[in-house]
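Engineer: Could you build all of it, start to finish, from the sequences and the hints given here?
Take any residue in the sequence shown, count from 1 to its spot, add 85: that is its number in the numbering used here.
Hints may be right or wrong, so weigh each one.
[Stated by the list, open to error] In silico lysine to any residue, SDA-like type, Cα no more than 25 Å apart, as pairs:
1. K607 with E574
2. K520 with V564
3. K579 with I549
4. K579 with K607
5. K586 with D190
6. K576 with E605
7. K206 with Y518
8. K607 with W519
9. K571 with N201
10. K206 with P525
11. K176 with E595
12. K607 with S585
13. K176 with D600
14. K578 with N201
15. K206 with K571
Simulated from the structure, these hints should not be mistaken for laboratory data.
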Amino acid sequence: MTESTWFVIAIIIYMFGMLAIGYWSYKQTDQYDDYVLAGRGLPPFVAALSAGASDMSGWLLMGLPGALFASGMVELWIAIGLTIGAWVNWKVVAPRLRAYSEIADDSITVPSFFENRLADKSRVLRVLSAAVIIFFFTFYVSSGMVAGGRYFESTFDGDYLLGLLIVAAITVAYTFIGGFLAVSYTDTVQGIIMFLSLMIVPVMAFVSLDNGSDIFSFAANNNYATDGVVEANPEFFNLFNVGSAAAVAAIVGNFAWGLGYFGQPHIIVRFMALRNSTDARAGRFWGIGWMLLCVIGAVFVALVATVFFTQTGNSITDQDSFETVFLDMARVMFHPLPAGLVLTAVLAAIMSTMSSQLLAVSSSLIEDLYKMFAKRKPNEQVLINLSRTCVVAVAVLAGILAVNPSDSILGLVGFAWAGFGSAFGPVVLFSLYWKRLNAPGAIAGMATGAIVSVVWGVWFSDIIYEIVPGFAASVIVLVLVTLATKEPETKVKKQFDQASKLTDIATENEDVDFDEAAQEVKK
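Structural biologist: As structure tokens, this is what we get:
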């Protein structure tokens, strides 16, 4: 059989596995809340790997190795910032958000939490939040489809558009069928595949080198990649390459990626789906452990690749961003069947993120917009079917944007990441930890963060990554407007105290019945 045939067999095995999980989840999903949030019953291991896999996407296996390969270790600040940001997110946001979302009228989406937390009777905050989610997630889903198309180009020498359509169709299928439960459990399987592949591929490639120690010096002294298309970079291994103001801004901007974690709806919704606040501790252990090992694997993919392709003479499919070094390395080293199984790690990364984002958008469209304007409450099955319809609609729109991509995978992800981090991040943090926050402050901060992020990203991104000015502007405006307007009503302050008390109870007593404690606190 040909190499492509073996790859197809491996991918078919993987695809059927994902669809099987989707069908199993479908059988477990009877209520709309189950479709949107899995009945708040996610175990910490599932929540952690689901959050990690939906977060990292094709960026971990394609974007990060490509950036490190082309530009050197200064790009590692992105991974450092993300790892620190993820740890703080699990530590500071997860337990309190799980408790607060239950106290705040059992909120099941991020926009509904904002509205309930601040008692915004104008509904502006909820509508604005939904608009931000729809706008930025469309670009985010599009980045996954671009990664899917490039995956098929590299793996099969195939057609970009066909690959995009196949990846999109399978992802939409299991998200459509099984909802949040399917997304979470497929993400967990995909996270395990990503982890194993990032451990196996760089180790096997390293063993094949004539002199393994070359990976720590070669790129600084030699032109590298096939035919030496990348010039030697004497600063390749310099993590603190701060020879100019632009270099300092690049490092600060890369590190600031960590700020984005606090505002990513597809990640923090996993916190809301935990069984209780106590599970956040175990989730942090699994999630950060998985992330650290995966990032280390991605770094070594880039380091080994600088020598591997020069030594073997094999070509790299993507000669612009070099985002296919992981794919190309796996193809060279393994028999087509195990290579195909390893290469499914990229599909896993792409599909796990796309599915989470599609579900987040559909949930926002139905829960935060449709239900708000509907004259009568639809029945459960109608809501589920409407959510499924939205999954397809958003996928079609994102696919149109991905047909002729104008940016790299990392560029598309960076734009959406900064948008969410700037618009939602400050509002999430202040909602959880500042009793004085009111609806006008949250609305002003969210709008400012989104606008500054987009404007800066379009016209001034060469100066510094847009999340830095976007996040800072959001915080400043949020605080100033809150202090300039009247304090929130007594009910809002009371709920803040109740959420704090419930978090403390769950933290101090891991065996407490969380639902009973929540009901007791609400009295």
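Engineer: Next, verify each hint and record whether it holds.
Structural biologist: How the hints compare with the structure:
| no. | hint | result |
| --- | --- | --- |
| 1 | K607 with E574 | holds (17 Å) |
| 2 | K520 with V564 | holds (12 Å) |
| 3 | K579 with I549 | violated (41 Å) |
| 4 | K579 with K607 | holds (9 Å) |
| 5 | K586 with D190 | holds (16 Å) |
| 6 | K576 with E605 | holds (17 Å) |
| 7 | K206 with Y518 | holds (22 Å) |
| 8 | K607 with W519 | holds (20 Å) |
| 9 | K571 with N201 | holds (18 Å) |
| 10 | K206 with P525 | holds (11 Å) |
| 11 | K176 with E595 | holds (16 Å) |
| 12 | K607 with S585 | holds (12 Å) |
| 13 | K176 with D600 | holds (21 Å) |
| 14 | K578 with N201 | holds (12 Å) |
| 15 | K206 with K571 | holds (15 Å) |
Of the hints listed earlier, the one the structure fails to meet is number 3.
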